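Given the coordinates of chain C, assemble chain H onto it according to the supplied hints.
Quick mapping for you: the protein sequence lines, in order, are chains C and H. Each residue of the first sequence is one higher than the one before, starting from 1 at the first, in full-length UniProt numbering. Each residue of the second sequence is one higher than the one before, starting from 1 at the first, in full-length UniProt numbering.
In short, the hints are calculated from the structure, not lab data. Incorrect hints may appear among the rest.
Straight-line alpha carbon distances no greater than 30 angstroms define the calculated DSS-like cross-link-like pairs of lysine-lysine that follow [as the list claims (entries may be wrong)]:
1) H:Lys270 to C:Lys366
2) H:Lys96 to C:Lys20
3) C:Lys331 to H:Lys124
4) C:Lys331 to H:Lys270
5) C:Lys14 to H:Lys96
6) C:Lys91 to C:Lys361
Source: prediction; values computed, not measured.
Each chain, letter by letter, is given below.
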Amino acid sequence: MSSFRKRTAAIQPKLPAGAKLSPHNGQVLVSSGIPSLDDLLGGGLPVGSVVLVLSDRYTDYSNILLRYFVAQGLASGHQLHLASADMDPQKIIQRAPSWTTTSPTPNTSADSPAVQKTTEALDKLKIAWRYQNLPTGDQDTARRTTGTTPFCEKFDLMVPVKPRIIDQATVSYTDLTQPRNTSEDANEDGNDKDRNQGITDDYEALFAELAHAIEDGGFSSLAPAAKAPAERNILRIGIHDLASPYWQAQSDESCARFLHALRGLLRFSFGVCMITLPAHLYQTESERPGAVRRWEQLCDAVVELESFNGSRNTKATAGGLDCNGFFYIHKQPQLNSLVPSSSKLVTVSGNQLSANNLAFKQKRHKFYIETFYLPPEGGVSERRVEPRSSSSSSAAGKTSKTASSGRACSSLDF
Amino acid sequence: MGFPTLSTALGFGPPYHLPTQGTLLITDTLTSDASFLIHHIVTNALQTPPPAPHSPESPPSAGTMPTTAAMGVAKPRVIMVGLAHIFNHYLLISRKLGLNLLPQREQRQYIYIDGVSLTSPFAKHRRFHPADRSSQNPTAPDYYCPPFDPPTDCSHHATAYTSSQRYLTDLLHIIVGFMDIGGVGVGTGGSGDQSTPSPSLIFDDIAVLWNLGMHPSAILEFLQACKFHVESRNGSLTLLAHTDRCLSGQAQKADDEGPLATGGYEYFVKSLMYLASYILQAESLPSGHSRDVHGQLLHALRGNSGNMMERPNARSSCLASN
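Pulled out of the complex, with its shape left as it was, chain C reads as follows:
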């Protein structure tokens, strides 16, 4: 027997559902729910990283990113933890988009494969024996037989996710909208509030909640080996509008301390965190805010949305454009590697890699990011009314010359 053997799934370590290995550096990746964003960040979000989304002004596109992130977690069966100080964090998950393909649920996988196999065996056309064991082209049956979920689902922004799916998922919330309890209130609350007793800082309270969710939920890789679960799941942490005016901090450094502690916590855990941050609140007239830049340094990936409605420079010209704003990538995830993996894997040409700008578009059903380009001058409609001139310009060499000269003659010959 040859020493070269095909790597089979049995040898490889078992990945959590909805995760894949990066082809660049072997990092475990999960999807953000938006394929173009995954691609720009080098295949997906690395497990153990913190992704910071700097929000757009006046519009709410950054929360679409967060909703996609949450919905992908629901689709992959990940556990979720959502936090907000502005609104009830349950609203984030209620407005998450639903996905079109059906995800495997335990009761269907129990009975259907056997039925399907018998019917398949009857009407199977024998082309060649060697193709018999390969998975069929139908995505759904292939998934149901192997029991794996796809890396990224197809979402529909028009249809919110069903309440039944939210009920089935394991979701925990940190609601910081209530004013902080004074010490006597916390004593009355009793059971699960006692770990936040006496914490007057929202950031500190959130970190205590997250540490609890990770370490008691079996997501920490530092837990004693006896306590570690046999099958790893992934915890997705979504934090809505960090450092907005509703966050009560004890000192100015609370946010930086929170982000540094979060990095230390997530590096040793099966978790991934997406944070939206209204950076424009900290922006002065002329320059980018220094405080936000400090927080950016403490995160692993930083992207920024700038909607045309909210920016002064582009508002006037944005009328004819079919995209909603610019998309910037300030920092690429660089965990355990010297160069970000996106430098080799990315297919959409981004602003870090070439001179192209990126733009995001929100259609009725989907949100995506692509290379920005200006529409043809004068708009598309004006181009279309003259098919003759366009055909004559595209015709080659001599004929176009004669055509144009003929037309010139005809215009003179009136």
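Then chain H, alone, in the frame of chain C:
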């Protein structure tokens, strides 16, 4: 071997990949990450033995490396205070650069102090101490920085200073303790003066200490002390800090006094530059993005009357070799 083209570009000379008895400051911005220089310095320091200045009888030729180790000539020692990344990060990258840090760590040539897991004041809420698994885990750090405990009353200037000073003094004792561990070589085994190696102390991202709210004067005093201890042992000190332009306008708690007030970030970075004898400045190209070139590296030697050399392609060439 790190990046060979970068070694020649930096101009410390082939055997001296790090300036001995000097302080190197590396500055970068968010868009031009200079952490590759840290990996370059670590790999170079551990792979090439520096010539011992006090023992002229040992010729610095490549073939005599095992014999010099048996003679007890000082081997290099790198003490890394990782405030931005965990040990696994450094381990995997140095493996790609052709150096395995695990045996180096067993021989006490590479010492990693974890400043990520527990340094933040909020980390006291964690239940699992990362050191719990250190017996089974070969990649557990040598030491963890304990949680920095800021004073609850932040309005008082003096308490912030004293608490940071107390914390950093403790950290300094730990670092100096690691500097003085003897017996690096396997063959030497002794604890004589000659076997005590010359240490290279590296802080990956000193700005984290500032971000966590430590008092800038306390950090600067701490670094001054580090510099003294390192230079008295014939070693070198390397610092990484961020110098984004927008950061410089930030004055910490003292907005009315302007950016150059004591406590402002710009003053902090300028003090670091004053401390350093060599400055490597990584920045993105002023002309905008380019496909292959990530940025430019500015190399300044403070001792040599501001001799500035511009090396626009240093980073792109070394990244291509990776």
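Now the hints, each set against the structure:
1. H:Lys270 to C:Lys366: Between Lys270 of chain H and Lys366 of chain C the Cα gap is close to 48 angstroms, so the pair fails against 30 angstroms, i.e. violated.
2. H:Lys96 to C:Lys20: 22 angstroms, holds
3. C:Lys331 to H:Lys124: Holds, because 29 angstroms separates the two Cα atoms, which is no more than 30 angstroms.
4. C:Lys331 to H:Lys270: 25 angstroms, holds
5. C:Lys14 to H:Lys96: 25 angstroms, holds
6. C:Lys91 to C:Lys361: 23 angstroms, holds
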